[in-house]
Amino acid sequence: MSAPPPRWLPFVVLGCGLTAISFGAILARLAQGEGAPSLLVACVRLGLAALVVTPLALWFGGSALRQLSRRQLALGLAAGGCLALHFATWISSLEYTSVASSTALVTTNPLWIGLAGLLFWGERPNRAMQGGIALSLLGSLLIFWSDSANAAPGSQPLLGNALALVGSWCFSAYLLLGRRLRAGLPLTAYIWIAYGVAALFLLAAVQLTGLRFDTLSSGAWWAMAGMALGPQLLGHTAYNWSLRHVSATFIAVVTLGEPVGSALMAYVFFGEGFGPLQFAGFSLLLGGIYLAARGERER
Numbered sequence: 001m002s003a004p005p006p007r008w009l010p011f012v013v014l015g016c017g018l019t020a021i022s023f024g025a026i027l028a029r030l031a032q033g034e035g036a037p038s039l040l041v042a043c044v045r046l047g048l049a050a051l052v053v054t055p056l057a058l059w060f061g062g063s064a065l066r067q068l069s070r071r072q073l074a075l076g077l078a079a080g081g082c083l084a085l086h087f088a089t090w091i092s093s094l095e096y097t098s099v100a101s102s103t104a105l106v107t108t109n110p111l112w113i114g115l116a117g118l119l120f121w122g123e124r125p126n127r128a129m130q131g132g133i134a135l136s137l138l139g140s141l142l143i144f145w146s147d148s149a150n151a152a153p154g155s156q157p158l159l160g161n162a163l164a165l166v167g168s169w170c171f172s173a174y175l176l177l178g179r180r181l182r183a184g185l186p187l188t189a190y191i192w193i194a195y196g197v198a199a200l201f202l203l204a205a206v207q208l209t210g211l212r213f214d215t216l217s218s219g220a221w222w223a224m225a226g227m228a229l230g231p232q233l234l235g236h237t238a239y240n241w242s243l244r245h246v247s248a249t250f251i252a253v254v255t256l257g258e259p260v261g262s263a264l265m266a267y268v269f270f271g272e273g274f275g276p277l278q279f280a281g282f283s284l285l286l287g288g289i290y291l292a293a294r295g296e297r298e299r
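Just so we're aligned: 247 in the working numbering is position 247 of the sequence shown, and the numbers increase by one with no gaps anywhere.
Source of the hints: derived by calculation from the structure; they are not laboratory data. Computed from a predicted structure; not experimentally measured. Even glycine gets a Cβ: it sits at the ideal position worked out from N, Cα and C. Don't take each hint at face value.
Claimed, not checked - Estimated spans, in silico, between C-beta atoms of each pair:
hint	residue 1	residue 2	range
1	7	127	18 to 26 Å
2	184	118	23 to 31 Å
3	63	210	37 to 45 Å
4	280	58	46 to 54 Å
5	148	111	16 to 24 Å
6	209	283	40 to 48 Å
7	55	124	40 to 48 Å
8	66	158	46 to 54 Å
9	211	149	28 to 36 Å
Work out the full structure, taking the sequences as your base and the hints as a guide.
Below is the structure:
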């Protein structure tokens, strides 16, 4: 059995993953700007990621894949389905609301994971983690409030925000299911199952809706390839690696840093400005992540 990593390593890995994931909304917007439907964007992102990781999964996790139990197969199907729904709804939300509001709402996972842990498993986070969750959610609320008050004419922030919220529920379920599946599988085997199953679900949806891949422009393909290699393979894989070393609640709180990076990039690339209220929200998010990190170390 391999020795556990240094205590600081999961936090560094999560920081790198958060940086990579913050590019996800920007690349999705670029692909949509090239005329790519959101469902195709989600499908290509996960499909390319699954293809890239296939040889690694077979080489390092082939034995574990051949010995999958029925329970692991069921968990893999459920986790992949939740991941597919997460990307389908969240990427679609970017068509209707701002990057700041979409990413703020889609990263409200700690609330839903905390409620699920309390209701189903009787888990109670410690005080530092509770404070981190509260600050992070308050920061998300301030960003959402500011963006809704300054919605552009003709936009549909309510629809976009609802889609982002559904995406958050799906990602919360994915983290909770993945925590249990990841415990008995090598990293490469786990992400191959999760990404591959999600890509197959999305491919089925693409076929049912009659969308076509040959209509995509080269610019859209480059943006989606960037999503697969950066936010998906580097970002989400960093989260998945960390599932064995830190709690799903802490990982969910770390994801709340995504609105900060994404909103800053949206300002640079798309001119989406943010006011004092949003800046206060970003500060609360970062403060919440710091408190949650302290709570995780105490745990």
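Here's how the hints hold up against the structure:
{"no.": "1", "hint": "7 / 127: 18 to 26 Å", "result": "20 Å, holds"}
{"no.": "2", "hint": "184 / 118: 23 to 31 Å", "result": "25 Å, holds"}
{"no.": "3", "hint": "63 / 210: 37 to 45 Å", "result": "40 Å, holds"}
{"no.": "4", "hint": "280 / 58: 46 to 54 Å", "result": "48 Å, holds"}
{"no.": "5", "hint": "148 / 111: 16 to 24 Å", "result": "19 Å, holds"}
{"no.": "6", "hint": "209 / 283: 40 to 48 Å", "result": "41 Å, holds"}
{"no.": "7", "hint": "55 / 124: 40 to 48 Å", "result": "43 Å, holds"}
{"no.": "8", "hint": "66 / 158: 46 to 54 Å", "result": "48 Å, holds"}
{"no.": "9", "hint": "211 / 149: 28 to 36 Å", "result": "35 Å, holds"}
Of the numbered hints stated above, none is contradicted by the structure.
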